[in-house]
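J.: Below are the chains, spelled out letter by letter.
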Amino acid sequence: MPETAGPVHDAPHGEHSSRGPGRILVAVYGILALAATGRSTLQILEYFDRAPLAYLLSALAAVIYIVATIGMARGDRTSTRVALLACTVELVGVLVVGALSYAVPSAFPDKTVWSHFGSGYGYVPLVLPVLGIWWLRRVRAASSGVR
Amino acid sequence: MLTQVLVAAAALLFVVALVYAAIDRLIDNFLLGLATLVELGVVAQLVRGLFGLGRIDTGSDTATFAAYLLTLPFVLAITVWSAIKDKTRWAMVAVAVGAFAVVVMTLRLQQIWDLHA
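Line by line, the protein sequences are chains U and X. Using this note's numbering, you'd call the opening residue of the first sequence number 49 and step up by one each time. Using this note's numbering, you'd call the opening residue of the second sequence number 4 and step up by one each time.
In short, the hints are calculated from the structure, not lab data. Hints should not be assumed to be uniformly reliable.
Residues from chain X that keep clear of chain U, each with C-beta distances beyond 10 Å, as calculated [claimed, not checked]:
id, residue
1, 4
2, 5
3, 6
4, 7
5, 11
6, 17
7, 49
8, 52
9, 54
10, 117
11, 119
Stretch-level coverage of chain U by chain X, calculated; a stretch enters the list once three of its residues show a Cβ under 8 Å from a Cβ in chain X [claimed, not checked]:
id, region
12, 72-82
13, 90-96
Incomplete in silico selection of chain X near chain U, CB under 10 Å [stated by the list, open to error]:
id, residue
14, 14
15, 37
16, 65
17, 91
Only a predicted model underlies this, so the values are computations on that prediction, with no experimental measurement involved. Note that CB positions come from ideal geometry on N, CA and C, so glycine has one too.
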């Protein structure tokens, strides 16, 4: 490909959820969606009986990551709303499952993405929905201002 | 050996992509070449890992190992493709995020291998 080095300008953010810093969020959500989907699918297929609750929660988390990724990447009004809902569910999930995994460890014989507040993933699952909600609300506010 | 080289190359890609983002430089042949090298390493790791999968003790980590092996080739492919398509500094940060994920997931693969293989 030709050399394309040179000064660039940021995409006009505030209008589309996958532009500007949203590009990073889409990338992180996409990576988590891929990893969580693959892992939970194999866990359910290979040894579901070992920790059904944990594996089902992992699968749920994976689906929510997929929905959030697609919603942010599409960036239209409805998609942004769906992504915002997905991020909210994700935040509630990581807080509730995180707390339960400490309170009732016997219910979680194997780790999920959300158990121990996402410590197995460097607490990214805890921080990400907060960033996602902040970003999507900002995008929505900017879009409302434009319209 | 492959793990060390792959981690070093991905870490270099992470730093270079961040520097590019900081100085408003778009993806060019050097960064694309570096990303291609990392991707080749990831694919080599996938092949090696799939052949060694049977040597890992049965346990929950097998799923993580296989999932990470299969996921890794897509991480850089998607973030680099995104940086080619969307020519902004934020796309370069996304490449850096992808490179960082390659470092972390490769180290996790090695950890599982050392513990269970």
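J.: Take the hints in turn and mark each one as holding or not.
T.: How the hints compare with the structure:
Taking the minimum C-beta to C-beta distance to chain U, about 25 Å, the non-interface status of residue 4 (chain X) holds against the 10 Å cut. Every CB of chain U is more than 10 Å from the CB of residue 5 (chain X) (nearest about 20 Å), matching its label as outside the interface. Chain U leaves residue 6 (chain X) outside its interface by the beta-carbon criterion, the shortest separation being 18 Å against a cut-off of 10 Å. For residue 7 (chain X), the requirement that its beta carbon stay farther than 10 Å from each beta carbon of chain U is met, with the minimum near 21 Å.
Even its closest Cβ contact with chain U, about 20 Å, leaves residue 11 (chain X) beyond 10 Å, as expected for a residue assigned away from the interface. For residue 17 (chain X), the shortest C-beta to C-beta distance to chain U comes to about 13 Å, beyond the 10 Å cut-off, and the non-interface label holds. At roughly 12 Å from the closest C-beta of chain U, the C-beta of residue 49 (chain X) stays outside 10 Å, upholding its exclusion from the interface. Look at residue 52 (chain X): its CB is around 13 Å from the nearest CB on chain U, clear of 10 Å, so calling it non-interface holds up.
Taking the minimum C-beta to C-beta distance to chain U, about 17 Å, the non-interface status of residue 54 (chain X) holds against the 10 Å cut. Interface exclusion of residue 117 (chain X) from chain U stands, the closest Cβ pair being 17 Å apart, more than 10 Å. At the 10 Å boundary, the C-beta of residue 119 (chain X) stays outside the reach of chain U, the nearest C-beta of that chain being 14 Å off. Check result for the region 72-82 of chain U against chain X: holds, 7 residues qualifying (beta carbon to beta carbon below 8 Å, three or more required).
For the region 90-96 of chain U, the proposed coverage by chain X is satisfied: 4 residues have a C-beta within less than 8 Å of a C-beta in that chain, meeting the threshold of three. Given hint, residue 14 (chain X) at the interface with chain U, is violated; its Cβ is 16 Å from that chain's nearest Cβ, farther than 10 Å. A least Cβ separation of about 14 Å between residue 37 (chain X) and chain U goes past the 10 Å threshold, and the interface hint is therefore violated. Hint on residue 65 (chain X) holds. Least Cβ distance to chain U is approximately 7 Å, under the 10 Å limit.
For residue 91 (chain X), the suggested interface contact is upheld, since its CB lies about 5 Å from the closest CB of chain U, less than 10 Å.
Hint compliance for this structure: hints 14, 15 are not met, and every other hint is.
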